[in-house]
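Undergrad: Now for the letters of each chain:
Number of protein chains: 2
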Amino acid sequence: MASYAYGIDVGGTTVKCGLFQADGTYVESWEIPTRTVDNGKNVIPDIAETIKKNMEEHGLTRKEVAGVGIGVPGPVKEGGVVDGCVNLGWGVYHVAAELSVLLDGIRVEVGNDANVAALGEQWRGGGQGYRNVVMITLGTGVGGGIIINGKILAGAHGAGGEIGHITVNRNESIPCNCGKKGCLEQYASATGIVRRAKEVLAANTKASLLNPDTVTSKDVFDAAKTGDEAAVSVVQFAGRMLGQAAATITAVVDPDVIVIGGGVSKAGQILLDAITKYYASNAFKACKEIPFKLAVLGNNAGMYGAVKMVLN
Amino acid sequence: MASYAYGIDVGGTTVKCGLFQADGTYVESWEIPTRTVDNGKNVIPDIAETIKKNMEEHGLTRKEVAGVGIGVPGPVKEGGVVDGCVNLGWGVYHVAAELSVLLDGIRVEVGNDANVAALGEQWRGGGQGYRNVVMITLGTGVGGGIIINGKILAGAHGAGGEIGHITVNRNESIPCNCGKKGCLEQYASATGIVRRAKEVLAANTKASLLNPDTVTSKDVFDAAKTGDEAAVSVVQFAGRMLGQAAATITAVVDPDVIVIGGGVSKAGQILLDAITKYYASNAFKACKEIPFKLAVLGNNAGMYGAVKMVLN
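Protein sequences, first through last, are from chains A and B.
Sequential numbering of the first sequence, starting at 1, is according to the numbering used here.
Sequential numbering of the second sequence, starting at 1, is according to the numbering used here.
Please keep in mind that the hints were generated in silico from the structure rather than gathered at the bench.
Note that beta-carbon positions come from the ideal geometry of N, C-alpha and C, so glycine has one too.
Among these hints, one or two may not hold up.
Claimed, not checked - If you only want the chain B side, here are some residues facing chain A, beta carbon under 10 Å, derived: (1) Gly144; (2) Gly158; (3) Thr167; (4) Cys178; (5) Val252; (6) Val257.
Given only the sequences and the hints, what does the whole structure look like? Please build it.
TA: Next comes the structure, spelled out in structure tokens:
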């Protein structure tokens, strides 16, 4: 009788592990380091070991564990094959099969970390109560995840929800990390917001609270909240890029809600206001009323989404 | 023992009806007029009557019919509620429930016509053999449908796959039929191609095979095939808008294949070549190799997709 499950979120420095009851009740969580040496060959064995140890502590047998869900920082194709994780040193790697073997056949489901975080927010976070959720994660880069009828839209090549690489500016001269030019990520990530702030400050003739040498994304939002003109213009620009991209996304997948997460989303309502202003004027009529909400699970979203893959 | 099913495609002037075996084998098809008088109140009863008549002809009992799938020209929400069909005079209308009652409880599934045609092409047409298909239908307008793991992505408001209303030009001054400006439909529909041809011809100083007073979308492609400079530029422009939009769509849903259908797609390879040229330079790297194929079922796609909704 399977009454427990594990949710594992593999990051570049730590692996977050969570034990849940099979009805979704959270029991406990812990972290282990991500050992990326030797092309990350220890990562999966380390996870198997920590799960086995936890099972032992709780006196759980293999049959009492419904499954292990795991989110990894790279594209995941059907059947749980990871198609390279640069941060971990992995190439093409059948994570689901290997981890399942190491756990004596316990069911393992693997997903891309951004997609898995979106599932977590849909299940227990900002998208709770909705079946169709688009999550946009604004961190160092811009990630995304799309949940349709409560399931991850993984995509045929593991690129479902790669909305940071929607082109939003066809006049960009500087390439994105992906090689294209004008990607959403270049304007709405923390990095992109800082870059824009520096550009605006360089061209600015008025006083600003922002210091071009040390400005962070948080500084920009803090200054914008006080009405600082340069900061407001940077926030509006990021909001316009996000609002336009969101209007495109909703015309394609028409979700119930859009959840905004990641470090930049800590800015809160001022960010949502900037996005929704431009969203409304760009959205297809049937999608105009789709609400935007802030993510609530923070760094735990991946662990929640991971375990959700093996519940149901 | 359910051994048959019906696929029904409701158009503005005729209703296409198909009888299939439950294993998907086509048996026969016929048409009845779409009686749009009195806000289309006869449409569903007429369909019930023609199905009952067909069942009688084949000596089929209610239990021998697995279901009736029906595609309608309007947004369809969960549970088979149609949220208005302008062409038929319908407002909010619970099509699935009404038709099922008229057919003594036979299962009925309803979908938007563009989505249902996409399902048809995925099942038996240009997308055959693939689980994840984006279909772009280039007719008087631009429609679309998205199939994920063999199922229609209908959307929370029935607007899934409304890719004709992705904004591809932020400098447009003329509004689209939807009220927005710069929608894909304004450039890649038959209407949009004619409009562009007239603009190009008006500004053109060289000789062209195209007559600005009578030019059709077909004329443009025919002339482009002979190398007519004005026509080539119109085709390239439509290809660019489609290629850029397709790159955006694939970064969101990452399908196995994109199928191009509708009247404009009869242009064939020259259209695919124009699209793929601009697609490749705009697509996210993991999606660059996604193939483009022509639709093959023509006006029968809706009937095939409709019946597919009740098979499985």
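Undergrad: The structure should be examined with respect to each hint, and the outcome stated for every one.
TA: Taking the hints in turn, this is what the structure says about them:
{"no.": "1", "hint": "Gly144", "result": "holds, 8 Å"}
{"no.": "2", "hint": "Gly158", "result": "holds, 7 Å"}
{"no.": "3", "hint": "Thr167", "result": "holds, 6 Å"}
{"no.": "4", "hint": "Cys178", "result": "holds, 6 Å"}
{"no.": "5", "hint": "Val252", "result": "holds, 5 Å"}
{"no.": "6", "hint": "Val257", "result": "holds, 8 Å"}
The structure agrees with every numbered hint stated previously.
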